[in-house]
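Chemist: Each chain, letter by letter, is given below.
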Amino acid sequence: MNIWDSFNYWVVMILMMNGLYILISQGNFIKKIIGLTVFQTAVFIFFISMAKITGATAPILKQATEQGSTLYSNPLPHVLILTAIVVSISTMALALALVIRIKQAYGTIEEEEIQHKDQP
Amino acid sequence: MIAQLPILQVIVPLVAAPLCLFIGRPKLVWLFTLVSSFMAFIISVVLLQQVMTNGTIIYSLGGWSAPIGIEYRIDYLNAYLSLIISATSSIILLAAHTSITAEIEESKLTLFYVLFLICLAGMLGIVASGDVFNVFVFLEISALASYSLIALGSDRRALTAALRYLLVGTVGATFILIGIGLMYITTGTLNMHDLSLQLVNVADSRTLVTAFSFFTVGVCLKLALFPLHWWLPNAYSFAPSVVGALLAATATKVAIYILLRFIFTIFGVEFSFSILPLQYILVALGLAGIFVASITAIYQQDVKQLFAYSSVAQVAYMMLALGLNNTSGLVATLLHLFNHALMKGALFLALAGVMYRVGSVQLEHFSGLGQRMPWTMAAIVIGGLSLVGLPLTVGFISKWYLLRATLENGWWPMAVLILIGSLLSIVYVWRIVEAAYFTPSVESSSNIKEAPLSILLPTWLLVLANLYFGTDTNFTVTISNLTAQYLLGASP
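If you read the sequences in order, they're chains A and B. Its first residue numbered 54, the first sequence is counted upward by one per residue in the numbering used here. Its first residue numbered 3, the second sequence is counted upward by one per residue in the numbering used here.
FYI, nobody ran anything at the bench for these hints, they're computed from the structure. One or more of the hints may lead you astray.
[As the list claims (entries may be wrong)] As a list, the in silico BS3-like pairs of lysine-lysine whose alpha-carbon atoms are at most 30 Å apart:
| # | chain 1 | residue 1 | chain 2 | residue 2 |
| --- | --- | --- | --- | --- |
| 1 | B | LYS110 | A | LYS170 |
| 2 | B | LYS451 | B | LYS110 |
| 3 | A | LYS105 | A | LYS156 |
| 4 | B | LYS451 | B | LYS29 |
| 5 | B | LYS451 | A | LYS156 |
[To be verified] Covered by chain A, per the in silico footprint, the following chain B stretches (three or more residues, Cβ under 8 Å):
| # | region |
| --- | --- |
| 6 | 148-161 |
| 7 | 206-219 |
| 8 | 354-363 |
Virtual Cβ for every residue (Gly too), placed ideally from N, Cα, C.
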């Protein structure tokens, strides 16, 4: 099996694991959110790259008949990911808003310090 | 009109949410929210009736029939779940105004109801939709609303609890998205019914196994199966009381619905339980969850935390019953979905009453409350007994079916372990009873009165439902049996 055949999956996997690792290992909430975003973006790349077919055109009927090609890329994953990006942006906005509130309430956004301050 | 009901159920709360912003006065907004929630409830009752008489309802959005369009497919399981969700949310809303006015600032009240409705719409959407990507979107809608609802809690720990829930919940949802993507790669369809027909052909491909694994882990994060439960106790206990009640009664149920739908309808029993050993994982984690969560619950000082850990244990019971992989086990899971919503709804609403009068739900502040708030404490006692599984309460019915299911498999030791698990719940319920009835009240609590009627009545409505469905099991058992037969029969 040629590694270049599944190049996109390797990229997705490495990005995804990086993101997840940042999310788990970092104590700073902003860094955690960055990790989460990298993780989500990797999944978006996964969806978009699977729709690409080598040598295929955009799924516009007229253009395809002029070029004599009948091979289309799948447009559906792009549409799905548009929705997922909207979801991801709102998640990030909410997360950042929460971090601002946490900073106001605790004076820090480091998880360990927050845990320390919550100890009675 | 009848034909449009499957979509109306989701549309009513979804459209009502932004309309709340135009009303302005908090009391009117509350009434409006209550009316919309009750409309969703009435719709779900009619839908359940329709499903019982005419069978599965198929609704194509915008007239585009599946698999090109998105379809809503209402069968027994959908109708049953939307009935549970809309009924509990309506009853909780009855108590919401008194309780929430005392707990959050007045300027945020309208926004609270907006979020509540969006959360409700999201959950009803998950249940109604027959399209897997649609389920993901609705899942995120309800999840985003519930993160903000939790962050409304007055304690600053509510903020960190909400952020942690957000991080974990988003990872869970993204795992589900990966699962959906892998399923789409192999079949080229997102429609549940279509997927169930096509996945049979590729049942032995590794892609599908990966899809199933990602999906299951994602959902288990969402439904707080041990050991993925650590986000739940803080999220439930630092949220405003009614939010805790709503989430405890409905949020995990919706996640369990997704798991049931994917296992039975989409992947099929054979793939989940024969090709992959899901049942052993569920049984092992379920048993571990029952013991770890119940024992942790015993050591909690905060009563909300105590019941939140008990929720983790109850979810573990449902997963254990599911893992038994026989019809009685599935019936036990379905029964416990309904029964647990009744118990936890009643308990968390009673705690909302305590929060309203005492301002705290620490165990030490419960001393003497048995005399000062007799009705609220009686509600907690009955709800607690129902958790334990005493006869005449709903808890007994689900425990009974669970035990029957284990004995059908001939797993005697497990039946004993389940009974020991119930004994653990006696211990944590007893700690509350002891504090409330057998410790002398402190001086400062002398002016504490019974909770206001607006909280007490909905609480007792749920408590009486606990007793009613514990004695007359006709409705719940019939519908659970029908659903279980449908799920097992419909899967290829």
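Chemist: Let me make sure I understand: some of the numbered hints might not hold for this structure. Which ones are they, in numerical order?
Modeler: 3, 5, 7, 8
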